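Here the protein sequences come in this chain order: A and B.
Okay, so the first sequence: first residue is 4 according to the numbering used here, each after it adds one.
Okay, so the second sequence: first residue is 56 according to the numbering used here, each after it adds one.
Think of the hints as simulated: they come from the structure by calculation, not from any bench.
Please read these numbers as outputs of a predicted model, since none were measured by experiment.
Each hint should be verified, as a subset may be incorrect.
Not everything, but these chain B residues come out facing chain A in the computed CB check (under 7 Å) [unchecked claim]: (1) K122; (2) V129; (3) P134; (4) V196; (5) V201; (6) F261.
A virtual CB, placed ideally from N, CA and C, is assigned to each residue, including glycine.
Residue-level listing of the chains:
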Amino acid sequence: MMRGRVAYAGAIHEAYPDTNGVRLADGRVRGEHEVVWLAPIEVGTIFALGLNYAEHAKELQFGKQEEPLVFLKGPGTVLGHRGVTRRPVDVTFMHYECELAVVIGQTARNVTRENAMQHVAGYMIANDYAIRDYLENYYRPNLRVKNRDGGTVLGPWFVDAADIGDVTQLELRTFVNGTRQQHGNTRDLVTDIPALIEYLSSFMTLAPGDVILTGTPEGIVNVNAGDEVVCEIDGLGRLVNTIASDADFGRA
Amino acid sequence: MFALADHLLHPEGEALPRDVDASSAAALLARGMACRAPVSGAVYGTLLNDRAALAALGDAMHAAPYKAPPKAPVLYLKPRNTLAGHRARVVVPDNALGVEIGASLGIVIGRTATRVGVEQALHYIAGYTLVADLSVPHASVYRPSVRFRARDGFCVVGPAVVAARHIPAPDDLQIEVSLNGGATFSASTASSVRNVAQLLTDVTDFMTLGAGDVITLGVPHGSPVAHIGDSATLSIGAMPPLTVSFVGAEEQEGEQP
Chain A
4 MMRGRVAYAG AIHEAYPDTN GVRLADGRVR GEHEVVWLAP IEVGTIFALG
54 LNYAEHAKEL QFGKQEEPLV FLKGPGTVLG HRGVTRRPVD VTFMHYECEL
104 AVVIGQTARN VTRENAMQHV AGYMIANDYA IRDYLENYYR PNLRVKNRDG
154 GTVLGPWFVD AADIGDVTQL ELRTFVNGTR QQHGNTRDLV TDIPALIEYL
204 SSFMTLAPGD VILTGTPEGI VNVNAGDEVV CEIDGLGRLV NTIASDADFG
254 RA
Chain B
56 MFALADHLLH PEGEALPRDV DASSAAALLA RGMACRAPVS GAVYGTLLND
106 RAALAALGDA MHAAPYKAPP KAPVLYLKPR NTLAGHRARV VVPDNALGVE
156 IGASLGIVIG RTATRVGVEQ ALHYIAGYTL VADLSVPHAS VYRPSVRFRA
206 RDGFCVVGPA VVAARHIPAP DDLQIEVSLN GGATFSASTA SSVRNVAQLL
256 TDVTDFMTLG AGDVITLGVP HGSPVAHIGD SATLSIGAMP PLTVSFVGAE
306 EQEGEQP
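So that you can see chain A by itself, here it is in the shape it has in the complex:
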């Protein structure tokens, strides 16, 4: 099942795909542009993986890793489908990262690889922006790069794990203004989903609603204000975001 969360006519609704747009839980069917899309779930802790696709790691000139490169993100970064993300006017390189987001469904502590997938509730598409100009070498990736307001786009749908046939064979694609720039497949994850759950749960407790952004494949390019960025993952839909300028945010 695919579920979204939208704001419409004064309330927040669970919503489902419909041939005419989106169907609210109360039965109303509305066009995709008539509603405001929120992240499909209220997220708990957000984990993100750096350099978890071999080719992308090569692209950024990193060698072999001793353990997964995990960092954490705060709730203020979360943005829904069709949201806008600000690009500061003074930066030279801001990029999207299309990622498979894994949603934890059961408390997980010291879970083995064999049992790990039982703790997965479902999946979403994530587009996790970064601004390379702000990279500093303390507690990388520093929050000014990776924890910006509106920098983590999630949705449009949360899809139950049972509805995804083989999560190790999903294609990821990103289009900027209609041109495909990024292309990868979850089969190329350096640390796969069961290993990530085993690793994280070995030193901390994962709870329902926690989200693991599993990293992004190669193919990142700079985006500019006005660009439309669309991330697709097989079976999960199509996540749209638009880049906005400082001026749009009242920063002259």
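Starting from the structure of chain A, add chain B where the hints point.
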């Protein structure tokens, strides 16, 4: 929203927090009461905001892997599994390394703070609390593993959030950590690179802090290290002190079905 009248604390076993005056809070705590963390928002830790910490890095800041002194605040998340309260028993994962006790001033946000100016910053603060920002000691601050700072119980907060009006000078508070009632580690919020207002200004330029969120002013340089069996008492200014004890992993282990 996040609002408090005086001293907000959440006794273990009670459904709701209590908001009481200083003497009532002291009386409750004197009975040996354990508390839950008095906050439930996001908690952001700050590092290298102590001038002594930067001085200790010295020339290393200009060499690989750092290459330059930090410009933006050095921050990280303390995720929800790390939250614990007064009298928490925290597992020491490796007793040879111990656990560093970063006694930090917790700044508790009262209303949505986005692009807050220095002059207005203090108006966004509901109150202050103590944060024992715990970590497995690690030498490099380049890309430390989350397993050093994000372990269960590694962010002990409280016992109380103290209303901001009780703390008119947050940038001049004495910080003390006592291990087992003995030798005391001392520091001060006065040695911060960024003071409370400047930190909020620089952080909220790119990320919103919400009501009930906490950001620490930063871990003091040279913080003490605890081992299994130790008990630490942290105090900052005149706020009620925070007690944490350190235990072995034995009783917590075991795989889930």
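These are the hints, each one checked on the structure:
no., hint, result
1, K122, "6 Å, holds"
2, V129, "5 Å, holds"
3, P134, "4 Å, holds"
4, V196, "5 Å, holds"
5, V201, "5 Å, holds"
6, F261, "5 Å, holds"
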